[in-house]
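Enquirer: The chain contents come next:
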Amino acid sequence: MKKTTFFLVFAVLFAGCFILSHTASAANTIKVGIVDTFSGPASTYTLDVLDGFKLAIEKINAKGGVLGKKIEYTTRDEKFKPDIGAAMAKELVLKENVDILMGTINSGTALAVSEFARKEKIPFFVTYSKSEKIIGEKGHRYVFNMNENTEMAGRAAAVALAKKPFVKYWIAGDDYEYGHAIADAVWNNLKRLNPKVQQVGQSWWKVGEPDLTPYITQIMAAKPDFIIVATGGASMVNFQKAAKATGLSQKIPFYQHTGTELGTLLSQGKDAPEGVYGTSNFLFYFPDTPANKAFVDEFQKAYKRYPKASAIVGYMTGQFIAEGFKKAGKVDKEAFINALEGLKIDSPVGPLAIRACDHQLELPTYFGITKKDTKYPFLVSTENQIIAPKDYMPTCEEVLKHRKK
Amino acid sequence: MVQSILGGKGRVWGYGGIIVLILLPLFLPRFYIYLTSLILLYGLFATSLNFALGYGGIYQFHHAVFYGVGAYGAALVITKTGLSPWLGFIVGPLASALLSFVMGLICIRLSKLYFGMLQISLGSLVWAVIYRWYGLTGGDDGIHGIPMPDIIATPNSAYYFTLIVTAASLFVIHRMIKSPFGSALQGVRDNAVRSEMIGVNVKRHQLAALVIAGFFAGVSGALFVVVDTTVFPDMLFWTFSMEVMIMCLLGGWFTFMGPMLGAALIVLLRTFISTFTVYWALFLGLILMFVIFFLPDGVLGFFQKKMKQKN
Amino acid sequence: MDFIYSFISPGFLSQILVGLSRTVILFIVASGLSLILGVLRIPNVFHGSLYMIGAFMSYTISVAFGGGDTGFWLALIGAPIGVALISLVIERGLFQYLYEREHLMLILFTFAISLVFGDLVKLVWGAEYKSVPVPQVFQGFVSLFGGLPFPKYNTFLLFMGPVVAFALWLLVTKTKMGKISQAAAVDREMVGAVGINVSWVFATVFVIGCLLAGLGGALVAPTVSVTLGMDHSLIMEGFLIVIIGGLGNIWGALLGALIFGLTQSLGILIWPQFGIVFPYCAVIVVLLIRPTGLLKSTW
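Protein chains in written order, with numbering that gives the first Met the number 0: chain A, 0 to 404; chain B, 0 to 310; chain C, 0 to 298.
Pulled out of the complex, with its shape left as it was, chain A reads as follows (with noise of 0.2 Å):
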């Protein structure tokens, strides 16, 4: 008997810690809880999303914040893991009591957290995963993508290249969901806008192949005339340091999104290859506008580099929620969303609005070829064309269509 009594109280005594330990929240802050991955090669990308996201955010409470609030957040590392991403994001929500979520990388968190998100009815912004998905065939009113997906950036490089004389193309990517959504997404925009292009052949290899010379010198066999290279992460630099080695980016042209891309030049330094046709979002030093110049002199200020075009996605994020509970004029979740709707706010690279049909950011996307520079330890984008997001964005009811119901 004495026993369970001891056991009773033991168990009660632990059921009232975890009870104590779960805190509410103080009512005069509007915070924001981050679920992404900052472990792994990926973190290369979340880290400036997470920066841009701290600059946005600091000067918005420095300022006094908003309705009189100011934004916290609180970050969680989930290490590419979809199943410890989705627990994070319950824990942020029922124990941290966070109003709004935010991240990730990973697609498949991004989808997990935004069905959770969903049921929650919690505002959801998703930076910088890129799946076509989150906004169409999953989409709902409570998530938000403030980057470009698949099919634009698809789209935008098929814009550009339907205009090219090519007509031999070969696809080669790494072997899953976003190297093949990237790839279907060029090439079938390309062969609608231009019917004349032909495939030749296609090559897979498995994500994090260290070694794509044996690829290559088989593409090369066959010699089309223009590859589409859909690669992500590490395997962007991987493939340009193997087109350099075997002479490919002097032969054939080819074609990678985010190829010109900071993230994907910076560690190359000189060494990175010339020619290589590639689409971004965001590129520091272009346009050269006062508003981009003023952005990125803040953030080499703080942070002691130069943003990736991630950067600018979690410095938006920040400045849309701040926006947009300026707009509800209170702190209401549906009226937040509401607000959101349709809500235009200028940005370093122009005005940006948020869509009201998908809830999907309007970007401009920046085509362009890469090239050294005497000013820059590395390689820039050079004849850059500006694609207006009206020029490729999918419209409203090509994104819902997907939605069921």
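By construction, these hints were calculated from the structure, which means they are not laboratory data. A quick note: this is a predicted structure, and the numbers were derived from the prediction, not measured. Beta carbons: idealized from backbone N, C-alpha and C, even for Gly. Take the hints with a grain of salt, since some may be wrong.
[Unchecked claim] To give a feel for the contact side, a few chain A residues facing chain C, derived at Cβ under 10 Å:
id	residue
1	G39
2	A41
3	L93
4	W204
5	E208
6	S234
7	K250
8	G262
Starting from the known structure of chain A, fit chains B and C onto it as the hints suggest.
Expert: Below, chains B and C without anything else, positioned relative to chain A:
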């Protein structure tokens, strides 16, 4: 059942524990109900591994495959066919058991580490298939928002469902360990040659143990679908198999409730360390190294030993 | 018809050469893994982490010496030594107390270390991708049959493979150290009984095995982007190679690496879209025919 878990006083602890678990949703916030559900199903998963590994002495290195196949089996039946979700919860574990039988047939010829290595490579192939087969499995994105029957769709009812299934499964596993089959299996583990001499078919016993372990791993996988309504290829990645072995190790091999305790420790550690640092894997690794060094029998094994010494 | 054409095309021979240069990296890493498995019986999960650390160290050393040719050569020597020192600390500090434990404990212990290393590498080197420049002499490519290019750096890899294999052969068969470790692999009690300090034999073998992982990392660094997570994909391949070769047999590791490297590069030629499945199919075929690997395993 509980008697053998913690020695003579086990019954009291066991019943007390069950009552507390039943009453839990009355006073715990939702997040902890979710965590407890996770602990229960991970615990069942780890217990199923321990059945093969601790009691059977079989080096089942890639157990997560069966967990994942159970989850995917259930998820696919629910999302791709119009059949009843309840059928999915049966198909998933059966698919795991079948796969376990096939992989067992191939691997059982080998012993110890060789078995483990072959098993891990075959398991990686299963992972690769699920990872690559976009049309069916959704590739690396996984399947999300799997609809559940209304009766288990709320967090509390999902919790009770998990609790009931886990308790029933643990009961069955425990009965198996105490059965003649279980004794024979442990005999094989301790001395295969001697068992063979006295007429025990070693390979057949091991194969049966593998199928049972695979089945209950599949059950826990299906439970994950109930609790989280999602599946991912990561569920059958080899690193997850390592984590489950760690749960067994942390709680204690050769003890029945050890893996459950280990699962609780891992889930709680992961949740609470990650709230204050992004370097949670570092701390987890250090804690593990510490445990392997100083508590080779696991936490529960350590206390059992202490108790035995006292007696 | 494409299928048959691909075999007689000039691409075939060049594809073999490319496959062989991949084999070299796989062999160097897997032979270290196999050595440790054979003698110490440790399935070393953090072998991949050491490969990653080797690549990161080679970056640091290369940058410290201006990122030029000197940097590269110093990195090629320095990075493996750095990795060897780390492994020496781990062996003397931790492993030497654990040899009597079960394999299972050891495999989990090495996994725990790989978790720690994963985060430590991030703490030390940060999250940014790193890149090691190819030295001047190996930049560009040579033209082979039918004008197909072959990177010069890969010719250097083709040269390094036999060098490492020969050095290993000398070490294992010609030195006292090697003979003792071979004996210890078969029967460690016996070796201890004749008065040899087994503990230090083990330490040496462990360090040499890890040095090979570091060397593999340093060699691969100029051809890839050095990132966190590069350990994960390699370690599985390493284990598969060791299995099909025969546990603990370094020539088996060579054979396994050859099978892996060649089936992969030729598979790409035959069926580009599914090139990745060929090595795994080869593994299954080998294991179905010879369940304990192609060559005699030491256990």
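Enquirer: Now tell me, hint by hint, if it's right for this structure.
Expert: Against the structure, the hints come out as follows:
no.: 1; hint: G39; in the structure: 4 Å, holds
no.: 2; hint: A41; in the structure: 8 Å, holds
no.: 3; hint: L93; in the structure: 27 Å, violated
no.: 4; hint: W204; in the structure: 6 Å, holds
no.: 5; hint: E208; in the structure: 7 Å, holds
no.: 6; hint: S234; in the structure: 8 Å, holds
no.: 7; hint: K250; in the structure: 8 Å, holds
no.: 8; hint: G262; in the structure: 8 Å, holds
In this structure, the one hint that does not hold is number 3.
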